[in-house]
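4 protein chains.
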Amino acid sequence: MGDITALRGVWNIVPTPFLPDGALDTASIPGLVRFVRATGVDGLTILGVLGEAGRLGDAERSAVLAAALEAADGTIPVCVGVSHAATDRAIAFAREAQNAGAHSVMLAPPPLARPTDAALRRHYLAVAAAVDLPVVVQDHPASSGVQMSVEFMAALAAEAPSCRVIKLEEEPTPPKAGRLVAASPELIVLGGLGGEMLLEELGRGSHGTMTGFGFPEVLVAVVGRWRSGDRVGAAAVFDRYATLVRFENQALLNLPIRKLVYQRRGAIAHATVRAPGMPPDAGTVADLEDVLRRVGLDRHLAAGSVLPELLAG
Amino acid sequence: MGDITALRGVWNIVPTPFLPDGALDTASIPGLVRFVRATGVDGLTILGVLGEAGRLGDAERSAVLAAALEAADGTIPVCVGVSHAATDRAIAFAREAQNAGAHSVMLAPPPLARPTDAALRRHYLAVAAAVDLPVVVQDHPASSGVQMSVEFMAALAAEAPSCRVIKLEEEPTPPKAGRLVAASPELIVLGGLGGEMLLEELGRGSHGTMTGFGFPEVLVAVVGRWRSGDRVGAAAVFDRYATLVRFENQALLNLPIRKLVYQRRGAIAHATVRAPGMPPDAGTVADLEDVLRRVGLDRHLAAGSVLPELLAG
Amino acid sequence: MGDITALRGVWNIVPTPFLPDGALDTASIPGLVRFVRATGVDGLTILGVLGEAGRLGDAERSAVLAAALEAADGTIPVCVGVSHAATDRAIAFAREAQNAGAHSVMLAPPPLARPTDAALRRHYLAVAAAVDLPVVVQDHPASSGVQMSVEFMAALAAEAPSCRVIKLEEEPTPPKAGRLVAASPELIVLGGLGGEMLLEELGRGSHGTMTGFGFPEVLVAVVGRWRSGDRVGAAAVFDRYATLVRFENQALLNLPIRKLVYQRRGAIAHATVRAPGMPPDAGTVADLEDVLRRVGLDRHLAAGSVLPELLAG
Amino acid sequence: MGDITALRGVWNIVPTPFLPDGALDTASIPGLVRFVRATGVDGLTILGVLGEAGRLGDAERSAVLAAALEAADGTIPVCVGVSHAATDRAIAFAREAQNAGAHSVMLAPPPLARPTDAALRRHYLAVAAAVDLPVVVQDHPASSGVQMSVEFMAALAAEAPSCRVIKLEEEPTPPKAGRLVAASPELIVLGGLGGEMLLEELGRGSHGTMTGFGFPEVLVAVVGRWRSGDRVGAAAVFDRYATLVRFENQALLNLPIRKLVYQRRGAIAHATVRAPGMPPDAGTVADLEDVLRRVGLDRHLAAGSVLPELLAG
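Residue numbers (the numbering used here), protein chains in the order written: chain H, 4 to 316; chain W, 4 to 316; chain Y, 4 to 316; chain U, 4 to 316.
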């Protein structure tokens with residue numbers, strides 16, 4: 004198993020690029036990986052919920068996986084979403100990820116009509132046993148419909164140490180982050196949800212965040228200052244961009260906004276959200292431009308720009 | 004397009020057979036198709052929700068499709084579930100079904116966070132335009148999370164006549180069946196939900212049922228009598244087996260019970276439900292045996308038996 | 004505390020009668036209580052979910068409570084629904100019930116955005132401590148949105164013995180009934196859900212049922228035979244009426260159907276469901292008449308008839 | 004009917020004060036009303052969801068209503084939440100509000116198992132016909148479980164002009180605000196959700212916000228600048244406090260945080276949330292203090308302070 008402790012800091016959930024007609028745009032993947040790596044994140048996660056993994060065919064999944072891992076080429080660790088309704092299929096996805104060189108996999112609870120701890124544990128343990136990779140436990144009831152207690156996740160981690168990384172997205176996240184950290188010093192707790200509660204999660208002992216956000220540099224700057232002991236500086240960066248974080252993290256609009264930002268920044272060729280998903284309405288596009296201008300990020304929409312001044316100070 | 008009016012009477016939703024280790028059991032498919040055909044149903048439907056389609060990989064789907072169509076060999080029409088979160092993928096599934104010789108496809112609403120009529124219509128129209136097959140509109144809010152109004156479905160059918168078959172599973176079904184039939188004489192309304200309200204649905208003008216049930220002969224006998232004008236006889240058959248229908252249609256247990264019945268009847272080699280699904284508990288197995296004995300169907304569990312006496316009278 | 008073991012057998016959830024204009028019809032309550040008592044049930048439960056308790060004002064609740072207890076007059080025990088979103092209000096309701104002479108109270112989980120075991124336990128313990136009455140724990144996730152584990156309910160009963168009666172309505176009920184009974188010999192498990200799984204619940208060790216049903220005599224006959232050791236006879240009665248049980252237990256229609264049956268049987272003056280609830284559509288009324296005729300209960304719709312022949316044999 | 008166009012600008016949803024033991028604290032209500040009025044809001048709304056109306060008994064509701072209206076004494080208009088599961092009870096609440104001198108009432112969809120437009124319309128029209136007051140339509144699917152389309156709300160407003168004020172809380176709110184405004188110039192659209200999307204809602208043509216927030220002055224300042232044409236100034240105020248808005252608007256924690264802020268500001272004597280609600284955890288309290296300090300509002304926690312400098316500039 005790779006170094007599980009690499010799962011900290013900022014991991015960016017990358018979107019899956021599509022062509023205007025909805026076909027997979029694998030040609031954009033190398034540039035996307037380079038772009039994300041250049042933002043200074045600690046890792047990237049592909050094929051997550053906001054990577055539209057649920058809208059891909061199996062061959063498309065494999066193509067995204069192969070292209071991303073080839074582009075990463077060992078220069079940045081890659082976590083791969085492997086969630087599936089069937090345990091066997093999640094295992095197949097996890098093995099494919101391992102064979103392709105993934106650092107870790109991310110697994111949400113399967114859609115169980117009656118999600119008991121026993122059924123969840125079987126699913127997680129089966130996947131964990133099938134690969135020699137960290138298994139990030141995705142705790143996102145809004146998409147999975149499953150609430151996992153602190154006690155369940157701590158017990159799972161004790162039983163299968165590769166499952167000791169939690170992507171915490173049950174709101175409100177800060178108190179649960181605190182309870183998870185208190186439950187076991189072994190747990191690695193990462194936030195999500197667009198980074199909206201990043202500062203407070205860090206304050207409760209979280210180890211970083213694994214989330215999509217159009218300007219990962221902001222999150223990198225917050226976490227970097229925090230880790231270096233500069234909590235005031237971390238908060239100052241966070242608060243400065245809080246209005247953007249809030250804006251991007253709108254229900255239903257977060258992915259279209261994020262893909263538009265990535266496209267404007269040159270990371271992907273098209274902002275297409277796969278149907279029946281929709282592009283943002285014109286008002287939302289105008290609002291995005293307005294908020295970017297207000298926080299001074301509009302000038303960083305030129306291709307390839309990576310905000311060194313933000314990272315610097 | 005094949006004859007859309009073939010979508011009436013009794014269509015059996017067939018389960019997908021798995022080996023004890025969870026692997027796909029394609030070897031069981033020819034026998035399964037023969038078994039179902041011998042029950043006298045008008046058609047069969049593969050890869051539905053209770054066909055565990057959501058637990059299959061794409062290659063497994065293709066294998067089930069190919070095996071079922073080859074086994075049917077034109078002797079019985081086959082409807083193929085093609086539901087997917089992405090419009091493009093549903094289209095790909097539908098085209099694959101058409102190429103394999105399917106009679107029709109079945110399509111549930113995609114999982115939309117905000118399911119508007121406009122988004123649903125786009126999804127259905129895109130699939131309908133991509134193939135020359137009837138598209139059965141699956142109205143099952145319990146699994147899709149989407150409620151479709153009578154007005155929506157009637158308008159959709161007017162716009163795309165291939166979408167004028169409704170698999171109605173929004174409870175309570177009888178009143179909605181009546182409203183659908185009243186909304187347009189073009190609509191073909193099929194019930195579902197294990198046949199639990201079959202009699203009342205027919206009474207409101209439904210055209211039959213498309214559902215899983217371990218003894219399809221019972222539903223065939225009910226619908227046959229009804230169609231021939233023998234409503235009293237139809238009710239007598241239904242009421243006699245109502246306690247079994249009620250028992251099999253239990254939440255979460257319906258699929259495990261049904262697979263067990265199919266296995267006992269020799270239709271499939273194993274009753275395996277794919278993990279994280281579970282087999283029925285011992286008490287449920289005992290209850291099944293008890294209720295089958297009470298309604299006199301226990302003696303029909305021998306391999307291949309098809310209840311000619313039920314069909315006869 | 005009254006005899007908690009009286010909570011077994013058949014307890015009928017009685018509807019709340021309204022006048023055609025929606026006003027409370029307290030004048031019907033004495034006759035309703037007499038009617039239900041004459042069906043041979045062991046107790047009756049007022050102000051439950053299907054007693055439309057949520058549609059009453061506090062003064063109306065008090066009026067129903069007073070009228071029902073006065074009518075019961077100690078001749079039959081009365082359980083009173085006291086569910087409320089606030090712990091203090093549930094306590095106030097429970098005390099009012101105790102003062103009026105109730106045998107027991109019924110309490111559903113409060114609507115908690117994040118229902119943890121700790122919060123549920125606090126709510127139940129506070130109500131249990133405030134009165135000297137059995138507290139029936141209503142386990143009905145479909146209305147409460149809360150799933151309670153067997154472990155939680157067994158632990159609660161161990162901590163507060165007055166909370167050891169479970170009204171079990173988490174589907175599928177038979178396996179959970181078995182697990183509850185196995186978890187603690189102290190638990191008293193009652194089914195519900197219109198009696199649809201009564202037979203199988205008894206088979207797993209349940210102690211009866213607390214449910215609404217238009218012909219409580221049927222349930223009384225089933226449980227009576229079961230208790231006397233005549234399981235075959237119990238099943239025969241159940242199966243004979245299974246088609247009616249299934250029909251009445253339709254989602255959304257169960258209450259309108261039940262009130263209509265009660266009105267036809269002379270138990271209440273009007274079948275009114277309080278707005279925005281609606282009466283059954285004409286087709287459902289016709290279906291009811293048809294199914295009653297088929298099971299031979301149509302002739303028992305005359306006022307006051309109580310099916311002695313069913314009870315007899 | 005009072006002037007419906009008064010429903011614009013900022014209306015503060017006020018919390019209901021409780022004593023530490025959970026009893027209603029009517030003594031705090033006059034000070035609460037004075038405090039809110041002094042923040043410069045256009046009106047206040049009592050007995051809303053975050054006013055914990057669902058946790059009150061009818062007599063308690065009446066006490067809050069009487070105390071608030073007496074304290075307001077015509078100096079500030081008061082909107083009264085009258086939502087109830089029964090149409091008759093909502094009418095009774097609305098009449099009581101009218102008799103007490105309320106400016107308007109607020110009504111959420113009733114909890115209907117199958118919320119059709121027809122049933123919703125009947126409920127709204129019945130309440131609107133019963134009083135001579137504006138009826139604010141609360142569009143908050145997260146608490147009501149009901150999604151209302153733009154078409155439905157526009158048609159309702161056309162049929163009952165007193166229902167033409169929408170409290171819009173279906174996320175994402177900005178696009179729907181734009182669609183509502185475009186659907187009819189008669190509609191008055193108010194945001195909510197803690198003000199988190201206030202700026203973007205105004206940009207789409209909303210008329211203000213009706214929401215709880217611990218520092219209503221911030222919202223007043225944003226809306227005031229916007230109305231005077233100073234959009235840049237409005238955005239500057241909003242962005243400065245966006246990190247606080249985001250923090251307070253956390254799921255489940257919003258009410259406990261808000262009550263704590265109100266208590267610290269001297270508006271209410273105790274921050275008690277009625278059980279089974281809970282106070283904020285210690286970490287959340289610390290986080291609140293931290294974020295208040297960062298935005299410079301910590302020094303305004305002294306009793307009675309109303310931020311004249313914010314209002315000034």
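No lab work stands behind these hints, which were simulated from the structure alone. Mixed in with the good hints there might be a few duds.
Claimed, not checked - Listed next, with one range per pair, are the computed distances between beta-carbon atoms: (1) W:A158 x Y:D24: 54 to 60 Å; (2) W:A254 x H:T29: 40 to 46 Å; (3) U:R296 x H:R302: 26 to 32 Å; (4) Y:P164 x U:G5: 17 to 23 Å; (5) U:R98 x H:D233: 55 to 61 Å; (6) Y:D24 x U:A289: 18 to 24 Å; (7) U:R296 x Y:A69: 52 to 58 Å; (8) U:V288 x W:R98: 54 to 60 Å.
Unchecked claim - Rough simulated footprint, nothing fancy, chain H against chain U, three-plus residues with beta-carbon under 8 Å: (9) 170-178; (10) 198-206; (11) 240-249; (12) 253-265; (13) 282-289.
We put the beta carbon where it would ideally sit given N, CA and C, even for glycine.
Structure-based check of each hint:
Distance hint check for W:A158 and Y:D24: the Cβ-Cβ separation is about 37 Å, which falls outside the suggested range of 54 to 60 Å. For the pair W:A254 and H:T29, the supplied restraint of 40 to 46 Å holds, since their beta-carbon distance comes to about 42 Å. The hinted window of 26 to 32 Å between U:R296 and H:R302 holds, with their beta carbons roughly 31 Å apart. For Y:P164 and U:G5, the hinted distance range of 17 to 23 Å is not satisfied, since their beta carbons lie about 55 Å from each other.
Hint check: U:R98 to H:D233, Cβ distance near 60 Å, so the stated range 55 to 61 Å holds. At about 56 Å, the beta-carbon gap between Y:D24 and U:A289 misses the expected band of 18 to 24 Å. At about 56 Å, the beta-carbon gap between U:R296 and Y:A69 stays in the expected band of 52 to 58 Å. Distance hint for U:V288 and W:R98: a CB-CB separation of about 59 Å, consistent with the stated range 54 to 60 Å.
Remark: the stretch 170-178 of chain U is confirmed as covered by chain H, as 4 of its residues place a Cβ nearer than 8 Å to a Cβ of that chain, reaching the required three. Given as covered by chain H, the stretch 198-206 of chain U passes the check, having 4 residues with a CB less than 8 Å from a CB of that chain where 3 are the minimum. Only when three residues or more bring their CB closer than 8 Å to a CB of chain H does the claim for the stretch 240-249 of chain U stand; here the count is 6, and the claim holds. Counting residues of the stretch 253-265 of chain U whose C-beta lies closer than 8 Å to any C-beta of chain H gives 4; at least three are required, and the coverage claim holds.
With 4 residues having a beta carbon nearer than 8 Å to a beta carbon of chain H, the stretch 282-289 of chain U meets the requirement of three or more and the stated coverage holds.
Violated hints for the displayed structure, listed by number in ascending order: 1, 4 and 6.
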